[in-house]
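Going by this note's numbering, the sequence shown opens with residue 1, and the numbers climb by one from there.
In short, the hints are calculated from the structure, not lab data. In this text the structure is predicted, and so the values were computed from the model without any measurement. Do not rely on the hints blindly, as some may be mistaken.
[As the list claims (entries may be wrong)] Pair ranges (Cβ atoms, derived): (1) 107 with 49: 13 to 23 Å; (2) 18 with 39: 48 to 58 Å; (3) 44 with 103: 39 to 49 Å; (4) 44 with 13: 18 to 28 Å; (5) 68 with 144: 34 to 44 Å; (6) 9 with 33: 48 to 58 Å; (7) 9 with 37: 45 to 55 Å; (8) 65 with 99: 24 to 34 Å; (9) 37 with 144: 31 to 41 Å.
All residues carry an ideal CB built from backbone N, CA and C; glycine is no exception.
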Amino acid sequence: MTESFRHWWNGRAPRERLLLAIMLALLAVVVGWLGVVRPLESGLRGAVRANVEASERHADVARKVDWLKQGEGRTARAPSSLPVDQIVGQSAGEVGFTLDRVEAQGRDRVDIAIASARSTALLGWIAALEAQGIAIDKALISPSGVTGTVSAQLGFRRVGRGE
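When you get a sec, could you build the whole thing from the sequences and use the hints?
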């Protein structure tokens, strides 16, 4: 086979040999680019994205651990006499949520909407409200467009007053 290739190659004019060599070099560059460089770049981008997501999850867990450690020394708070919509709004601001809709239903009930929040942070916030005597009355939580986040429509009510 090499003998037939050598015979074929020697049968070409010097100009044809030069053009064939240039064509083979360009073919090697294209194959190297599409077969090696682009897959490596794609893999690196995926690894960077996974690392960022893992870092965010780690930060969420570390924040929760700190919050739980701070809570070990706390005693149960006396229920607040503020209206539920103020309690929910204030605690949402402290946690960093933006409330898109707040509809007070008297002093002891409120309906809210949150467009985007991390699911773990949202559930931790709901648990913190329950520890303050504000129970969740209704919830509609669905995935939002961004990976790892949810949108929520929640109803809260005060517990412990004649219930």
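Here is what the structure says about each hint:
| no. | hint | result |
| --- | --- | --- |
| 1 | 107 with 49: 13 to 23 Å | violated, 46 Å |
| 2 | 18 with 39: 48 to 58 Å | violated, 32 Å |
| 3 | 44 with 103: 39 to 49 Å | holds, 47 Å |
| 4 | 44 with 13: 18 to 28 Å | violated, 45 Å |
| 5 | 68 with 144: 34 to 44 Å | violated, 27 Å |
| 6 | 9 with 33: 48 to 58 Å | violated, 26 Å |
| 7 | 9 with 37: 45 to 55 Å | violated, 30 Å |
| 8 | 65 with 99: 24 to 34 Å | holds, 26 Å |
| 9 | 37 with 144: 31 to 41 Å | holds, 35 Å |
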